[in-house]
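J.: Listed here are the chains, written in short residue letters.
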Amino acid sequence: MRVLTLLGCLLLVSGCQNLGVNPWEREVLAREAMIPGVADGLDDAFDDHIYFSKEGSSGGRGFGGGGCGCN
Amino acid sequence: MRRLLIMLLLLPSLLRAEGVTAEQFSPSLYPDAKVIYVDFWASWCVPCRQSFPWLTQMQARYGAEGLKIVGINVDRRREDAQRFLAEHPAGFDLVMDPAGKLAARYQLQGMPSAVLLAPDGTELERHIGFRADHLDEYEATLRRLLAERN
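Residue numbers (the working numbering), protein chains in the order written: chain B, 194 to 264; chain H, 618 to 767.
Check each hint, because a few of them may be wrong.
What the hints assert, rightly or not - Here's a subset of chain B near chain H, in silico, CB distances under 8 Å, partners left out:
| no. | residue |
| --- | --- |
| 1 | Cys-202 |
| 2 | Arg-219 |
| 3 | Glu-220 |
| 4 | Ser-246 |
| 5 | Glu-248 |
| 6 | Gly-249 |
As the list claims (entries may be wrong) - Simulated restraints, written as ranges between beta carbons of each label pair:
| no. | chain 1 | residue 1 | chain 2 | residue 2 | range |
| --- | --- | --- | --- | --- | --- |
| 7 | B | Ser-207 | H | Gln-726 | 16 to 24 Å |
| 8 | B | Asp-240 | H | Glu-740 | 44 to 52 Å |
| 9 | B | Met-227 | H | Ala-721 | 18 to 26 Å |
| 10 | H | Ala-721 | B | Leu-203 | 46 to 54 Å |
| 11 | B | Ala-238 | H | Gly-727 | 31 to 39 Å |
| 12 | B | Asp-241 | H | Arg-694 | 32 to 40 Å |
| 13 | B | Leu-200 | H | His-744 | 37 to 45 Å |
| 14 | B | Asp-237 | H | His-744 | 53 to 61 Å |
| 15 | B | Asp-240 | H | Arg-760 | 34 to 42 Å |
No lab work stands behind these hints: they were computed from the structure.
All figures in this text were calculated on a predicted structure; none of them were measured in a lab.
Ideal Cβ placement from N, Cα and C applies to all residues, glycine included.
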């Protein structure tokens with residue numbers, strides 16, 4: 194039982210020894226597509242597709258104004 | 618034809634890269650140097666692009682006073698490093714460290730990192746990152762260390 198507890202403790206202690214990625218391993222993270230939101234334009238394309246298929250609307254991006262008719 | 622030309626231009630830096638492997642690298646390989654500037658770089662690291670012309674310039678300017686610049690590449694794929702070198706030629710020695718062994722040995726906290734060593738392995742100075750507005754500071758450090766050790 195004691196051995197088991199000790200082993201369990203060892204497991205817990207070693208659990209956090211390897212957190213994340215080292216600075217010299219950030220090759221993939223450094224890609225432009227990894228910037229949230231900016232990505233490669235795919236996010237916008239997917240959103241457009243969802244609007245088109247769910248709501249029958251397309252386009253309208255880049256138009257200022259809130260639909261009050263005052264713009 | 619163009620590719621051949623690029624290959625020919627690349628040849629010197631490739632040959633130099635073959636010189637020392639990550640396993641062999643040690644500051645004691647450069648006993649004549651006063652200060653060994655170890656620069657960790659990668660093809661995906663944006664500031665590294667700006668650092669190469671400066672490092673080349675420093676090697677040319679202070680080489681006679683005992684400055685030895687060694688660029689350690691941590692790209693996992695060699696082709697990435699070669700593509701980078703075709704665009705940003707290096708006027709200093711290069712070591713390929715695809716497994717990141719040297720990066721781990723020197724406990725890098727960021728990329729790029731510069732570690733300034735004495736030939737006996739003592740760490741003299743280090744800085745993380747490469748910023749164009751700190752160039753004077755970097756050069757002053759080099760000059761100070763070279764003066765101290767000459």
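J.: Now look at each hint and say whether the structure bears it out.
T.: Now for the hints, and whether the structure bears them out:
no. : hint                                : result
1   : Cys-202                             : violated, 27 Å
2   : Arg-219                             : holds, 7 Å
3   : Glu-220                             : holds, 5 Å
4   : Ser-246                             : violated, 36 Å
5   : Glu-248                             : violated, 39 Å
6   : Gly-249                             : violated, 42 Å
7   : B:Ser-207 <-> H:Gln-726: 16 to 24 Å : holds, 23 Å
8   : B:Asp-240 <-> H:Glu-740: 44 to 52 Å : holds, 50 Å
9   : B:Met-227 <-> H:Ala-721: 18 to 26 Å : holds, 23 Å
10  : H:Ala-721 <-> B:Leu-203: 46 to 54 Å : violated, 23 Å
11  : B:Ala-238 <-> H:Gly-727: 31 to 39 Å : holds, 34 Å
12  : B:Asp-241 <-> H:Arg-694: 32 to 40 Å : holds, 35 Å
13  : B:Leu-200 <-> H:His-744: 37 to 45 Å : holds, 43 Å
14  : B:Asp-237 <-> H:His-744: 53 to 61 Å : violated, 39 Å
15  : B:Asp-240 <-> H:Arg-760: 34 to 42 Å : violated, 55 Å
Consistency note: the structure conflicts with the earlier hints numbered 1, 4, 5, 6, 10, 14 and 15.
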